[in-house]
Amino acid sequence: MSHRKDWSAIIDRLNQSRQGELRIRMGSPGSAQVTRCRLLAEWSNLEVTTVGPVLRLRLPS
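Just so we're aligned, residue 747 is where the sequence shown starts under the numbering used here, counting upward by one.
Hints may contain errors.
[As the list claims (entries may be wrong)] Derived SDA-like pairs: lysine to any residue, alpha-carbon spacing no greater than 20 Å straight-line:
id, residue 1, residue 2
1, K751, V794
2, K751, S807
3, K751, W789
4, K751, E767
No lab work stands behind these hints: they were computed from the structure.
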């Protein structure tokens, strides 16, 4: 059984990080792409890219 990620908490962690960047490993490249689209639709001040199953979240500079 998989658990759901708390994206609000992850975005809060991103806002508090010194680098302004987080990498989150997803279950598959497809789930990473779907999550990327959902995050971009929900948060406007966010850059999200994927490399395989890894999401890279960044704060715009």
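A quick look at each hint next to the structure:
1. Taking the CA atoms of K751 and V794, the gap is about 16 Å. The hint holds against a cut of 20 Å.
2. For the suggested pair K751 and S807, the alpha carbons sit about 25 Å apart, so the restraint of at most 20 Å is broken.
3. A threshold of 20 Å between alpha carbons decides the hint, and for K751 with W789 the separation of about 16 Å falls inside it, so the pair holds.
4. Under the criterion of a C-alpha separation no larger than 20 Å, the hint pairing K751 with E767 is consistent with the structure, at around 17 Å.
Checked against the numbered hints listed earlier, the structure breaks hint 2 alone; every other hint is satisfied.
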